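Chain by chain, the residues:
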Amino acid sequence: MAFLRNRRPNLDELVDALERAGVHGHGGAYFPTATKLRAVAAQRERPVVVVNGSEGEPLSRKDRFLLGARTDTVLDGAFAVAEVLRADAIIIAVDHRRTRTIEAVQAALAGRPELEQHGAPVVEVIGVPDGYVTGQESSLVNFLGGHEAKPTATPPYVFERGLRGRPTLVSNVETFAQIGRVAAGTFDGSRHITVSGAVPDPAVVQIRPGTTVAQALTAAGGITEEVSAVLLGGYGGTWVAMPEALGLPLDEADLRAHGLTLGAGILFTLGASRCGVAEVARVTRWMSEQSAGQCGPCVFGLRAIADGLQSLCSHNPLDGVAFTSLAQIQRWCAMVDKRGGCAHPDGVARYVRSAMDVMAEEFKDHATHGPCSRCDTSAGPGARRRAPRRTAVASGGLR
Amino acid sequence: MNLTLVHWYVIRASGILLLLLYSGATVLGLMNVSRIASPQWPRFVIDRVHRYVALLALVFLAIHILSTVTDSFVATPLVAVIIPFAKSYNTFWVGLGAAASDLMLAITITSIMRARVGARTWRAIHYAVYAAWPLAVLHGMGAGTDASSFWLIALNILCILAVFGALAVRMIAVPRLETV
Amino acid sequence: MSERLQVDMIACSAHGMCAELLPERVTLDDWGYPIVSGAPVPAELAGVAQMAVDACPVLALKLVRAQAAHAAGRRR
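One line per chain: the protein sequences are A, B and C, in this order. Per my numbering, residue 1 is the first one in the first sequence, and the count goes up by one each step. Per my numbering, residue 1 is the first one in the second sequence, and the count goes up by one each step. Per my numbering, residue 1 is the first one in the third sequence, and the count goes up by one each step.
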């Protein structure tokens with residue numbers, strides 16, 4: 001169904017169109033957009049719209065690409081949503097480091113006719129911290145409300161009570177771009193993914209339903225070396241074995257049926273010249289440092305997993321960190337899964353467990369023989385001095 | 001027996017008991033936050049004893065205040081036990097007691113209604129014990145009839161040492177706990 | 001009406017009283033933090049469960065009704 005640009009869709013029309021088009025969130029959670037719109041609309045107070053362009057996932061570039069090169073499409077979606085929800089404010093959150101992107105958005109806003117109308121929403125472009133968890137919706141709303149970029153306890157969810165205590169619709173940049181296309185009648189089901197790793201340069205590629213991994217790699221410029229494993233979904237995603245990965249259709253619903261996900265649209269290829277175990281150790285260390293630091297299992301659990309992985313790759317184990325068995329790492333992954341205030345530990349658990357499954361031989365080799373010739377001898381951020389580790393606590397005794 | 005004398009003994013006895021009970025409650029509270037426990041004295045037991053001692057103290061606080069204002073020998077108007085430093089026979093020292101009991105009352109009531117006031121408010125008000133306890137001890141030293149007796153001096157030293165000891169443990173233990 | 005225990009992991013500071021009081025529903029992980037079972041709390045444990053909720057120094061533990069527990073447990 002096509003909406004003319006100067007005819008205003010009402011809520012039901014837009015929601016129905018989004019439902020028929022099958023639009024889902026592109027920030028990683030893949031939540032049905034129509035459902036989110038309905039949930040916010042059902043609240044009593046006037047809502048706020050937040051365009052989430054924080055893109056804290058290092059492997060993702062699509063959001064800044066879209067904000068820079070498809071700015072008006074994103075804004076079409078944002079204004080359409082604000083219109084049907086009767087929102088009086090739109091906040092476009094962008095990683096504060098992306099100054100060119102911020103300028104592009106501000107320039108595009110200057111020419112928008114919606115802002116000249118009576119009763120137009122107030123639109124702000126706000127630079128947000130570059131942390132991995134910044135883009136989590138409660139964390140983003142928390143920051144925009146003047147607090148830290150850390151997740152808050154839910155319920156209440158942001159759609160009921162978010163920014164300034166009002167219902168807040170937070171969606172990814174690409175989701176708004178798709179909403180814009182649906183409202184204009186030009187949506188073709190395509191989406192953007194970031195392809196990186198064993199390709200000439202990280203590339204943002206537009207794919208259609210049914211595009212395979214192999215086709216996406218070709219569109220990104222082809223592979224520069226043999227690929228040993230594929231990562232879908234980013235640092236909180238899932239590893240997939242080669243060569244089966246090549247033929248995988250990059251359709252999110254299909255992937256989810258097999259326990260996989262593109263997350264925020266990420267396809268990473270591990271070159272055969274790299275050590276997979278070292279890569280996993282490096283990323284896990286980084287992810288453990290990205291913890292908001294609010295929940296025990298995330299702070300201590302991810303640190304333990306990172307220490308354990310590092311012990312497989314390092315010639316100089318960290319102070320007091322003896323070699324950690326693969327079984328113990330698996331056990332800790334299970335222990336942190338779903339035990340945080342947000343899904344950060346879940347992502348790490350998924351990433352590590354799938355790696356240990358797909359690269360089983362390499363992990364076993366490192367567990368038996370120690371670091372390989374391709375391991376970084378410094379194993380990522382290096383043997384840094386850690387704060388005292390919390391050890392297992394039994395009840396009783398002075399601690 | 002002379003009723004006025006009995007009355008006076010009740011004020012003094014309840015006062016001495018309050019010194020013991022509130023010092024005990026403070027020590028137990030500090031032990032709890034320092035996570036001191038043993039298999040025979042698990043955390044929840046120390047927590048419960050802490051609460052029961054405080055509630056018991058509340059009972060004796062009521063007795064102490066009631067007996068003070070109904071004392072016909074020395075005039076302490078009701079307003080002086082509610083509003084600190086309102087005029088009474090011993091304005092300053094009684095005033096300290098009024099301040100201490102006001103704070104302890106606020107702490108105890110918010111603790112009973114903790115679920116309703118919320119964790120943050122409850123915790124903020126609970127910190128007032130750091131003012132309430134010293135005020136109570138000073139009140140005892142200044143307003144207490146027996147303050148100069150050997151036993152009471154010994155008791156005061158014991159309570160003060162116990163609370164400061166527990167406080168020292170808390171200052172060392174809590175930062176180490178890496179509470180997340 | 002069945003009830004389930006739920007813990008706010010952001011508020012939780014690993015005091016551990018919940019696990020002491022109700023080991024049938026709460027165990028501690030390697031770092032002293034509670035692993036709360038989502039299984040319903042039967043009538044005979046209801047009193048102790050309420051005691052555990054009341055004992056938590058940071059009020060992180062809650063008893064919720066079954067349907068509310070399902071919705072609230074899902075994070076995004």
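Check before you lean on any hint, since a few could be wrong.
Straight-line Cα separation of at most 35 Å, DSBU-like style, residue types lysine-lysine; simulated pairs [said to hold, decoys possible]:
| id | chain 1 | residue 1 | chain 2 | residue 2 |
| --- | --- | --- | --- | --- |
| 1 | A | 338 | A | 150 |
| 2 | A | 338 | A | 364 |
| 3 | A | 338 | C | 62 |
| 4 | C | 62 | A | 364 |
What the hints contain is simulated information worked out from the structure, not anything from laboratory work. Predicted model only: the values in this text are computed from it and were never measured.
Now the hints, each set against the structure:
1. Distance hint between residue 338 (chain A) and residue 150 (chain A) is fulfilled; the C-alpha atoms sit about 17 Å from each other, no more than 35 Å.
2. For the proposed pair residue 338 (chain A) and residue 364 (chain A), the alpha carbon gap of about 27 Å is at most 35 Å, so the pair holds.
3. About 17 Å separates the Cα atoms of residue 338 (chain A) and residue 62 (chain C), which keeps this hinted pair within 35 Å; it holds.
4. The hinted pair formed by residue 62 (chain C) and residue 364 (chain A) fails the criterion: a straight-line CA distance of about 43 Å is larger than 35 Å.
In summary, the one numbered hint that this structure violates is 4.
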